[in-house]
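Student: The primary structure of each chain is shown beneath.
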Amino acid sequence: MKQLLIATSIWFFTIPLLLIFRKRERLCGILAAAGILMGSVLSISSSLNIVLSNLVETITFKWSFIIESATLKLDPLAAFFIIPICLLCSLAAIYGIGYESKSNHGLPQYLSWIMFILLLMSMFFVIIADNGIVFLISWEIMAVSSFFLVIRDYTEQSAQDAGWLYLIATHLGTIFLIILFLYAAVQTGSFSFSLWAKNGLKTPSSSLLFLFAVIGFGTKAGFFPLHVWLPEAHPAAPSHISAVMSGVMIKTGIYGLMRTLTWLGPVIPHWWGVFIIFAGIISGVVGVLFALAQHDLKRLLAYHSVENIGIISIGLGVGIIGMSYSINSLTFLGFTGALLHTLNHSIFKGLLFLGAGSILHSTGERNIDKMGGLLKRMPLTGAAFLVGSMAIVGLPPFNGFISELAIFISGVNCVLSNNITVVLCGASLVAGLALIGGLAAACFDKAFGIIFVGEPRSEKCLLAKESPLPMVFSMLILAALCLLIGLSGFLVISIIPSAVQTISGMRAEEFLPYQNQFKHTLILVSAIGGAVILLSALFCIVRNGLLSKRSPSTAPTWDCGYIKPTAKMQYTASSFAQPFLELFKFLLRTKSHIKLPERLFPKKASFHSETPDIAHTELYRPLFSNVNETLARFKFFQHGYIQLYILYIALALIALIVWKF
Amino acid sequence: MINLESIISVLIPLVTAPLLLGIINRVKATIAGREGQPILQPYYDIWKLLRKSAVYSKTTSWIFRLGSLISLAAIILGLTLIPAGPIPALIGFKGDIFLLVYLIGLARFMTVISALDTGSSFEGMGSSREVFFSALSEPAILLALLALAKIGDAYSLSAIFANISAETWFYKGASLALIIGALFVILLSENSRIPVDDPNTHLELTMIHEVMVLDHSGPDFAAITYGSALKLWINSALIVPVLLPIHTNNLSTDILLWICGMFLIAMVIGLIESSMARLRLTVVPQFLVGATVLAATAIILIYI
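Protein chains in written order, with our numbering: chain A, 48 to 708; chain B, 1226 to 1529.
One chain only, chain A, in its complex shape (with noise of 0.2 Å):
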């Protein structure tokens, strides 16, 4: 805890030197990135202590705002997030240095560093806060700069909006939260989290309370149909606070549903878990579907925040139903997996974010129709890309692979059970995830296939040059992080169980075998892993040994007899994804402009399609203007005589006397 409480003032202090330091900017970003990379080694050293030898320690500060003092409580929950959020925030600001060096014509640099340690000071005391009081001011800071950050290019309409979108969004989920807090306070008469979970708050309406938990933590976390926000925040945002933002602030909304399973567990309905479960399942179906219809690369990896979202609640909601049901396997397979997906998405996320970075930072590009061959002329940002697409689709060796299999396999436990809604679930999750993890492997094929490879498509990719060092730097760290994690996985989960004793209250040697056998499966795929590693260079070597001798020729793509291919005629991502568009035009609703050719010899014909938010148009729109059209009605309370609204305020005040009395 000491350690954290250093990290924290040495990010604290770094501002004022920012603020002194603000005219020289790659001064400001290099001391930005040195105080969060010291301070993040210090807090991920001390997290990993806490989580692998299940410690907990609490530090308590006098305060007299609402609250006699303020705790703040590090358990093995709390430090497994710390460990990401540290990790991934400074890589990003590393990555900033070079990324930020570009001039913008927004917020001054100094002030996005300053933004970007707030938010990640307040994503630290959101997961530390042990109170109430302490965790909602935090989240609020979380939202608030984290919303600077959004609209940092302001002179641009779309950033605006989006900040727009995404500051009401916050808030609207933020009063659930609230709700949520009041309730449990007034039940208990404390605001302290350790007491709640100490004594659970058990109430009639722990169901209600439940669900006001889901949906405004949800609404942070971006599960279908609350993630209306991201697919416009995170385009909108410069590129590494993109991936801080979907790699792990995201996640705080995961953590603070765990933390409420604390206050409400053990003794849990049934129905939470098949609603999680299935709420899983529409994110991540939904989630993948829109981002395969997106030309946006930006806008794309935002869905799949959605889709990889769905699949961590898909584990959380196992992990429920076993709580609920008491079978053990299923708790520790289910939190496991979620917590697994959570580490691993924010490292492959995070990635896959800096490398769209790259390619804007190199480019100025973020439509994918428009890009093309870029591998050749940024060699490094498309191996980490593709390194972020493989795991992100979950195939072996990379780390996307654990995590989904420990859901999987808690899918086949729950086939294997007993109980017939166990059973449905099971059947239901793996169908899903199944289709869940084809889509987005179409989808990252989708990707990596139109931006990297082929010929160019414009201009500016013709001439892209691979990115300044500290952004490769950052993007080469985490690409073998997620190599690293997916053969070594049998390692990786010891950091796991004492965070999951945390969330189920369950005693260590409750799960420990489920432990072993897991640990087992995980040794098996690393040596399988590393043998298709082995075996590929293997073949290189053979295939390389043979052809040496034969003088191999370069020839141009076969064309079926085309005399003279262009750029133009390849396969674009609209055409790659139209398949998919097709089968599910009832959930997409894509729309096309289409001029077609006309006449003799055609002048100009052209083809655009856009795929807008189902549940931006079909829910909120709608909804909002008919919340507009009510309030309209009582507009003529309105009309800007100060006596009046003065004599409001006074009736008001009257009538709440002659209420009391």
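None of these hints come from the bench; they were simulated from the model.
Bear in mind the structure is a predicted one, so any value in this text is a computation, not a measurement.
No residue lacks a Cβ here, since even glycine has one placed at the ideal position from N, Cα and C.
Check the hints yourself; a few may be wrong.
[What the hints assert, rightly or not] Here are the simulated BS3-like cross-link-like pairs (lysine-lysine), alpha carbons at most 27 Å apart as the crow flies:
hint, chain 1, residue 1, chain 2, residue 2
1, A, Lys512, A, Lys417
2, A, Lys596, B, Lys1277
3, B, Lys1283, A, Lys611
4, A, Lys596, B, Lys1273
5, A, Lys423, B, Lys1283
6, B, Lys1283, A, Lys417
7, A, Lys615, A, Lys512
8, A, Lys507, A, Lys651
9, B, Lys1319, A, Lys596
10, A, Lys507, B, Lys1283
11, B, Lys1283, A, Lys615
12, A, Lys566, B, Lys1319
13, A, Lys707, A, Lys615
14, A, Lys611, A, Lys651
15, A, Lys512, B, Lys1283
16, B, Lys1397, B, Lys1319
17, A, Lys650, A, Lys638
[Unchecked claim] Sample of chain A residues at the chain B side, in silico, Cβ under 10 Å:
hint, residue
18, Leu229
19, Val440
20, Leu442
21, Gly458
22, Gly484
23, Ala488
24, Gly576
25, Glu676
26, Arg680
Mind docking chain B on chain A? Use the hints.
Tutor: Positioned in the frame of chain A, the structure of chain B alone reads:
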């Protein structure tokens, strides 16, 4: 666990798999009244390709050079998870079915990005269709394997197949039949056979698998041809133990029976290819979703 003595379960397919393609071709030729190519033709083809040089497209990068090899490696490692009749798989563990499906997924991912690496719109079209159909068949294959896991009451392929016997057909027959149906549809689609794709053509209407590998040549193409034979073997090996769950305590008889079962599957594929036309592309999704429905029904039927 790793059973080193079952290394033979990997060696048999490595040697025998191309024979399946030969059998399919021979059956088709016989029905069409032709003499047909030698039954060992796939071996000659692979051998011929291995001795040739290669031509690489100027557009391609290292992805193209590595893609076919990584695909082959992934499929060969998939074989280590497949039991050979009475012999348990080389490697078996709780949840190996998922690793198997995802290894095949890895192979496909590499094939697809290698195809896109050429920048050819034909290969782009093939890739698009390949990922489209495979995304739809993924739930079907996992649900079918899950139903098998429920019937065999086990977590790994070797244990599942060991627990399914002729007796199982008496009380779980309906489910088993549906599972075989689903697995067979997936076999046809994953290995680009009629009615989903036509392996004999690589142009125009049937551009799926064959068109993706249009630009491969020499040893790379040998790896692809060999890989697709092995993949066909894997898909068949998931069906045979369910179709012919005969355990006679005599190892060599069982192995022989199992290999005959594999050849039987190849003959059935040949029969289908001779008697059916390819489905319209727009109908294929229904065909694949049908397989998912079959597998889901199988799971529900286990309870009745």
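Student: All the hints need checking, so say for each whether the structure fits it.
Tutor: Do the hints match the structure? See the list:
At roughly 16 Å between alpha-carbon atoms, lysine 512 of chain A and lysine 417 of chain A fall within 27 Å of each other, so this suggested pair holds. Between lysine 596 of chain A and lysine 1277 of chain B the CA atoms are separated by roughly 11 Å; this keeps the pair inside 27 Å, and the hint holds. For the hint linking lysine 1283 of chain B to lysine 611 of chain A, the alpha-carbon distance of about 15 Å falls within 27 Å, and the restraint holds. Between the alpha carbons of lysine 596 of chain A and lysine 1273 of chain B the distance comes to roughly 16 Å, so the proposed pair stays at or under 27 Å and holds.
Pair hint lysine 423 of chain A plus lysine 1283 of chain B holds up; C-alpha atoms about 12 Å apart against a cutoff of 27 Å. Distance hint between lysine 1283 of chain B and lysine 417 of chain A is fulfilled; the C-alpha atoms sit about 20 Å from each other, no more than 27 Å. For the hint linking lysine 615 of chain A to lysine 512 of chain A, the alpha-carbon distance of about 21 Å falls within 27 Å, and the restraint holds. Simply put, lysine 507 of chain A and lysine 651 of chain A have alpha-carbon atoms about 22 Å apart, close enough for the 27 Å limit, and the pair holds.
Pair hint lysine 1319 of chain B plus lysine 596 of chain A does not hold up; C-alpha atoms about 46 Å apart against a cutoff of 27 Å. Simply put, lysine 507 of chain A and lysine 1283 of chain B have alpha-carbon atoms about 20 Å apart, close enough for the 27 Å limit, and the pair holds. Between the alpha carbons of lysine 1283 of chain B and lysine 615 of chain A the distance comes to roughly 17 Å, so the proposed pair stays at or under 27 Å and holds. The straight-line distance between the Cα atoms of lysine 566 of chain A and lysine 1319 of chain B is roughly 11 Å, inside the 27 Å bound, and the hint therefore holds.
For the given pair, lysine 707 of chain A sits about 76 Å from lysine 615 of chain A by alpha-carbon distance, which is inconsistent with the 27 Å threshold. At roughly 20 Å between alpha-carbon atoms, lysine 611 of chain A and lysine 651 of chain A fall within 27 Å of each other, so this suggested pair holds. Restraint check: the Cα-Cα separation between lysine 512 of chain A and lysine 1283 of chain B comes to about 20 Å, which is no more than 27 Å; the hinted pair holds. Proposed proximity of lysine 1397 of chain B and lysine 1319 of chain B is supported: the alpha carbons are some 23 Å apart, at most 27 Å.
This hinted pair checks out: lysine 650 of chain A and lysine 638 of chain A have alpha carbons roughly 23 Å apart, not beyond 27 Å. Hint status for leucine 229 of chain A: violated, given a least beta-carbon distance of 43 Å to chain B, over 10 Å. A cut of 10 Å between beta carbons decides the hint on valine 440 of chain A: the least distance to chain B is about 7 Å, and the hint holds. At about 5 Å, the closest approach between the beta carbon of leucine 442 of chain A and any beta carbon in chain B falls short of 10 Å, and the interface hint on this residue holds.
Nearest Cβ of chain B to the Cβ of glycine 458 of chain A: about 7 Å, under the 10 Å cut. The hint holds. Given hint, glycine 484 of chain A at the interface with chain B, holds; its Cβ is 6 Å from that chain's nearest Cβ, closer than 10 Å. A least Cβ separation of about 6 Å between alanine 488 of chain A and chain B falls short of the 10 Å threshold, and the interface hint therefore holds. Hint status for glycine 576 of chain A relative to chain B: holds, with the closest Cβ pair at about 9 Å, below 10 Å.
Of the supplied interface hints, the one on glutamate 676 of chain A is violated, with its beta-carbon coming no nearer than about 42 Å to a beta-carbon of chain B, more than 10 Å. Proximity of arginine 680 of chain A to chain B is violated relative to the hint, the smallest CB-CB distance being about 49 Å (cut-off 10 Å).
Hint compliance for this structure: hints 9, 13, 18, 25 and 26 are not met, and every other hint is.
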